[in-house]
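Just so you know, the protein sequences line up as chains C and A, in that order.
So for the first sequence, my numbering puts the first residue at 1; every next one is plus one.
So for the second sequence, my numbering puts the first residue at 1; every next one is plus one.
Hints in this document: simulated from the structure, not taken from any laboratory.
Predicted model, so just to flag it, every value in this text is computed and none were measured.
For every residue, glycine included, the Cβ atom is placed at its ideal position computed from N, Cα and C.
One thing to keep in mind: the hints can contain errors.
Unchecked claim - In the SDA-like style, the derived pairs of lysine to any residue whose C-alpha atoms are separated by at most 25 Å in a straight line are: (1) 382(A) with 212(C); (2) 36(C) with 79(C); (3) 27(C) with 39(C); (4) 53(A) with 153(C); (5) 53(A) with 156(C).
As the list claims (entries may be wrong) - Covered stretches of chain C, going by a simulated chain A footprint (3 or more residues, C-beta under 8 Å): (6) 165-175; (7) 196-209.
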Amino acid sequence: MKTLLSMAATVLFGVYASVAVAGDPEKGGKVFKKCKACHAVGDGAKNKVGPQLNNIVGNAAGAVEGYKYSKALAAQADAGLIWDEAALSEFLKKPKAYMPGTKMSFSGLKKESDRENVIAYLATFSDTDTLAAVAADEREVTLSDATLSIEGDVAYGEYLASDCQTCHQVSGASDGGVPAIVGWPRVEFVYAMHAYKQKVRPNPVMQMMAGGLGDEEIAALAAYFEGLE
Amino acid sequence: MKLTRRAFIGTTAAASLSAPLVNAGGHGRPKAVIIGGGAGGATAARYIAKDSKGEIDVTLVEPSRQYYTCFFSNLYLGGFRSMDSIGHSYGTLASEYGINVVHDWAVGIDRGAKTVTLAGGSTLNYDRLILSPGIDFIDGSVPGWDVSSQNAMPHAYKAGSQTELLKRQIESMPQGGVYAMVAPPNPYRCPPGPYERVSMVAHLLKEINPTAKILIADPKPKFSKQGLFEEGWQKHYGGMIERIGPDFGGDNVSVDAGAMTVTIDGSVEKVDVCNVIPAMKAGRICEIAGITEGNWAPVSAHTMQSRIDENIHVLGDASAQGDMPKSGFSANSQAKVAAMAVRGALTGSKVFPAKFSNTCWSLVDTDDGIKVGATYKATDEKIAKVDGFVSKTGEDAALRKATYEESIGWYAGITSDMFG
Ligand SMILES: Cc1cc2nc3c(=O)[nH]c(=O)nc-3n(C[C@H](O)[C@H](O)[C@H](O)COP(=O)(O)OP(=O)(O)OC[C@H]3O[C@@H](n4cnc5c(N)ncnc54)[C@H](O)[C@@H]3O)c2cc1C
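Looking at chain C on its own, in the form it has when it is part of the complex:
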């Protein structure tokens, strides 16, 4: 969450922190050995089994030129996923859980410190000053730290979700003009719902549905749908 906090701050106050991430890049370099079989980073890094990772931190997902992403990642990229620290950390914890259908066959980094450190390491190859600012600017709405950091109650989310499932299929299938909403990173879900709630996004059905939900309820839904495959 820390990056999200500082990103929100950058937008509010127009000050860009040059180091937006919390970990130790040196230790992260060691953790990165686990990634090296598939990913290159640094001067002249090329795509391998996985995409090269220059400028990955704070950038839009699915943006590395010449790399063919999984459908799952491409869909998230379309939905506006940004690889900020929070999203990367969730992804790296258990890639297949965070993004069912990802090509990345890596079981994940269980330790939070490992994740923080490796992200800090990758951040040294990313232009976080400008990228973080762009990422926050690209959001349709500005959400407070408090709103973004609510831990959603999955059981409550499951109940509330029954309302969504009149139109959005729980299987993840989609027809006509109603998109699939399962397996979204929760940050994306929260931003999307708040964008409807604040009537920044136009659809009146979604404005109405989101309008009836409090921050806790949106967080609960985000947590529930994130866990579905």
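Place chain A with the ligand on chain C using the hints.
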């Protein structure tokens, strides 16, 4: 034997008020019986079975093996959907959710004994009963019409063979002929339904019989999405549709199915097709159960429990619940609240505050979709509207197309929410 059993179940029910975890004692899992496998009943059955993970024995009673949705049946008339595409079977509910699907009519309910009698002769015990039987028609509401006239003058307000019959009749109208609709008084199933139907009939006639006329006799001064429909009729079907409201006698109508005439305020019109949509009431089984007041079954908004018998929940069109329109979306929404309440009562699972929503899409012509919707909350008095919206006149074609596409997504969503 019978007496002891009654007494035994009676005790369990009393006990369950204070200790909800007590189930039907030595008889194994607590039993939920649902009558009617439509928008309300199928959803309720699926949610109870899914969320109780086998802890509740769920039986669904529904005479038809194939349920044809009324929603999108107007699109069938317009040629936008096939009959097959709006038919759904109960196979998945039985095989994936372990629901005991019984294809039969419920013909009797003994509220004291908590049993349901089926036309086939067997009896089902319940701890909680859910009724979602939809609507029946009020005899005599359109003088000259009763259910025995439905082949000459179809209602097509329960989907399937009636809808197919109506379409065949429209297709065989003589060039320049007249399709008449006798519209129903409030309250009735699907407020925009008759007017979406008129739009779809006009769409079909415009293709196959462009000089035909549509005549609506309407007892209501106003109707759902009126401005939007009238704008669309003007734009797409200028001059084809005439509506006679109560100010010109639209509330004083009789029909003669033999002569194929409609008499509006004393003036007799010879017509080629006559679509009579009579006044409605709760499905008959509610009356048989003795839980109706007037034409509908009053319920508590918090749980959809009957105001007359707390072991019975009534969903969908049959219920008198307050502000929600009688729609498939509403029935589906209410079913989830009832399913949660039933699980709470029978297994002690957590019960969250009731929330409801509804949106009704209608198609006016190709890619010209409109919608109206609202959210609702439970108060002690009724289901009360919180917030709502409606499409606007003059919207651009892209938005109307997107609205139609959204309705296609909704249809796929709600039918998989009902049938798995
Ligand atoms: C032309 C038309 C268009 C519509 N369009 C829309 C729309 O676009 N959107 C929308 O949301 N709604 C729409 N509706 C309304 C919607 O179809 C109903 O509101 C909805 O089906 C109500 O659900 P229900 O569960 O109350 O009843 P139903 O869905 O009618 O289900 C009742 C079921 O109970 C069964 N049954 C009845 N009595 C017994 C008994 N004694 N024993 C056993 N089974 C029994 C019946 O066979 C039936 O299958 C439309 C309706 C019509 C007529």
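Now for the hints, and whether the structure bears them out:
no.: 1; hint: 382(A) with 212(C); result: holds (18 Å)
no.: 2; hint: 36(C) with 79(C); result: violated (28 Å)
no.: 3; hint: 27(C) with 39(C); result: holds (18 Å)
no.: 4; hint: 53(A) with 153(C); result: holds (20 Å)
no.: 5; hint: 53(A) with 156(C); result: holds (17 Å)
no.: 6; hint: 165-175; result: holds (count 10)
no.: 7; hint: 196-209; result: holds (count 6)
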